[in-house]
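**Q** Listed here are the chains, written in short residue letters.
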Amino acid sequence: MGADSGAGPGPSVPWRKVLWERQPFPDNYVDRRFLEELRRNEDLRQYRYWAVVREAGLVAQQITCVALFVTLWLYMEQGLLSPATLLWTGLLCALLGYGLYQALAPQADSDNQQRTRWSDLQSAAIFLSFTFGFSPVLRTLTESVSTDTVYAMTALMLLAHLVAFPYAQPSPPGSLSLNAALFASVCLASRLPGDRHIPGGAHSPSSSLHTFTMLCWALLVFALWPCLRQRLRERAPSGFGCVCVLMGMCGVVGLGSLWPGGAVLLAAALGAVTLLCPLLLIRLQSDKDNIQGPWDEAEIREDLARFLH
Amino acid sequence: MGQRRREAAVPSPPGNRHSDMLTVAPQVPAKKHNICMVSDFFYPNMGGVESHIYQLSQCLIEKGHKVVIATHAYGTRKGVRYLTNGLKVYYLPLQVMYNQSTSTTCFHSLPLLRSVFTRERITLVHAHSSFSAMAHDALFHAKTMGLNTVFTDHSLFGFADVSSVLTNKLLTVSLCDTNHIVCVSYTSKENTVLRAALNPEIVSVIPNAVDPTDFTPDPSQRHDDRITIVVVSRLVYRKGIDLLGGIIPDLCLKHPDLHFLIGGEGPKRIVLEEVREKYQLHDRVRLLGALEHKDVRRVLVQGHIFLNTSLTEAFCMAIVEGASCGLQVVSTRVGGIPEVLPEDLITLCDPTVRSLCEGLENVIARQRSGSVASPASIHAKVCTLYTWRNVAERTEKVYDRVAGQEVLPLDRRLVRLTTHCGHVAGSLFAFVAVLDFLFLLFLRWLFPDHLMDVAMDTTGPQGLWRGALDDRKGTRSKSAMLKNEKAGPHQTKL
Amino acid sequence: MQNGDPHIGMEDETYTDINGKAISLECQSHSGFCREFTVSSAKVSIGRVMVYTCAVWLSAYTIFFFTENTAVLSGAIIVTLVGMMVHIHFVKVDHETLLVIGSLGVQVSSSYASGRESTDFIEMDKIKDIVINEAIHMQRVIYYLCILLKDPTDPEGVSSVVPLFQSSKPRLNCLIKVYKSCQEILAKC
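Going down the list, the sequences are from chains A, B and C.
Just so you know, the first sequence maps onto residues 1 to 309 in the numbering used here.
Just so you know, the second sequence maps onto residues 1 to 494 in the numbering used here.
Just so you know, the third sequence maps onto residues 1 to 189 in the numbering used here.
Note that these hints are calculated values from the structure, not bench results.
Each statement offered as a hint is correct.
Under the rule of at most 30 Å between Cα atoms (straight-line distance), these lysine-lysine pairs were calculated in the DSSO-like manner:
# : chain 1 : residue 1 : chain 2 : residue 2
1 : B       : K78       : C       : K92
2 : C       : K180      : C       : K126
3 : C       : K150      : C       : K180
4 : B       : K78       : C       : K126
5 : B       : K78       : C       : K150
6 : B       : K381      : A       : K17
Whole structure, please, built from the sequences with the hints as guidance.
**A** Here you go:
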């Protein structure tokens, strides 16, 4: 312990970073070793551009999904596609996708294939029957809400879907993102023609069928497709790239057929997310200045749950 | 500008000081300070900061300084209270926001704090804890009023996440024109210097202290047929309770005579309860729940080994208390802990289950072989290391140094804020400082200083408290008054 | 710091209240055991009443000028009259008196500007002590004189506090003078 101002005679002993010893230094003494344990950017990761692009592609994929879904809705809203056609296409897509999914399944768990297929069929049947049964109710759910509010809510929910989507582990999709997307589809379904006049003057025969179609497609696009995509990515990386590019082009072309301005915007967004943002991330890495030292809270790296389960 | 006073700045030799409290000499030594400690955290709240403020204040009063404490009202505890030795506590009615910390608008506390600073003739404001909004407010207002400021930081902060980036910015603003900063360990000093971008020369390291008479060993309380490991801490993530949940089953399986005694309460209690349930350790792992400060010693003396699993810690008084009770201390090597105890009194481990188990097994083996030092000898070593008198002496030196320094006038304060704290935050807080100054001018016009009655001195060179003890002539009435004020819960708000 | 001992006398002395307005303290010693302290604040000033009345009437006239509704004018007249009545009857305290009679009790009375008086008497055996205390009042910390009442269940405890001179709020030097004088009487009985 020493005086705060004006140290005594030149200390002959070296300073030590200990508190229990009274040292011949003032309390505000700054040693040469001050901050010697400071470390900078300790676990800085070096990214490679194309690897980041591949990861960012997942975000672009999800944006494309949203765009495709909105395109389908636009087609139905303008009466260009009948729900029956869409349902049949959906069924076809689902069967094709399921076949592909099974074909790409890892060999290890082929033993319990039978059981899985049966349970898959069960869940599909349950979902379809319940959705079909409840679609009249779902259709009227947001009917009394004004159209502007419904669109605003849809936009918000789709955005929430994009934000909350578990990009790191997309199979199965997170419950928050899936629920947001399904809610958005219910909102949109209530604005489909059926209970209102179509510009052509004809009444759509069944608006409940519209709702049912919307929900089925929502499930296909937001729940099943990410699972298949993930499996593709794991099992056939080369095919995955092609599928991604194809999907992106589909989305842009599909939207472009009804709303060219939107297609341009979508293409710009996809380009920015996949190509520009990774470039920015890598550029900005050099500006990173993270400091670590003994004051940091220690991290528990072990899996401590093993003691409990 | 807000400079009220320029105190004598000549440092006097320490020997010149009045050590004898009871002789209140008419010629007062020039270097006695009127100190106001400000923090959101004070009794009845319990914790390290609270006892630090209380003990430091008591020792400073003993040295003849005048000390008052300002904190926020706790429930019905509002107004002015007196503690031992005439330590006056202002419980100001400020709104509590979160975790016993007040909200800050930068302005609303000015009238009350100004009233306290003015009537108590405060020359030096000492704020405690970076978690306390009231402490930062007080620093800000004290600088506006032209008072010298000292800040004590009791905690460590990281740099990685958004919340720490924001709090560190606020700390930079708050400390950029504070005269002196006190940290409780060298690690804490490094941390604070980096967080607030300070000149390390104005940061002193003064450790916390432990009252050694409160923590004396008593080996007769131990059970000799078993080895007891004591843990006393709040059961929260930062105290590494998850690690403890991994250590307990591991060691209990290996050593059938090992018992755990765990004092404290918190959200992580469930982890320990689950472990106890799963491994059927109900008779060997005892969870005592929240402990009062006076009960801590009773728990500590029952153990052989004191275990601390904290993940971050600026100083860690618990291990000093454990060692003072004569226990073998095993602790994680984090924060300031390696600086606290000499190597022969502590076993340091990495913050992993394996390393802590190894460390504990070493100590258990030594305990069985009887090659550990006796509790009395450990206590004898520890009890001189950290005393409040020493803390007060060193803090007094900081005060002496600060009293001679200049408080930046408004123009230079603004320059300092804008150049030191970045463009956005600097300009913003420079603006706030100007508003604060205008508010102060308004308050001085509304309630002029000369209309505020100077508070009766209870501590300090001519403190009435001592007069009350002497029961000398002439102070009878005042001492009676003080006696009554101390006695009753009648500090009502008019 | 007002350390000087203000000597106790019979004459009027001028002090200020916490807002700096002049008040006067009158100590009357009827006998060794009976003292009366009167704190008088400034009288209602005619000028102030005029200013307030004029302000209300002028603003009422302005509103009347735009709305041409005569009810505003009569309303203003009623408001000023009622306001003044309420003020002098319930708000404005002309003087507060503390009468301490050793062995009997303490009488606290305040008389309003209208002449209305409200009086309260506390018996001596209920009184524990008379002290000066500190309180937080409107963003300030002030001193005030108060009577501590005994707790009937616990002879050492204090059940409640009766603040004195609540409306005049004299400053510490005035309070100390009253306090010392009261303590002399309390010490005797």
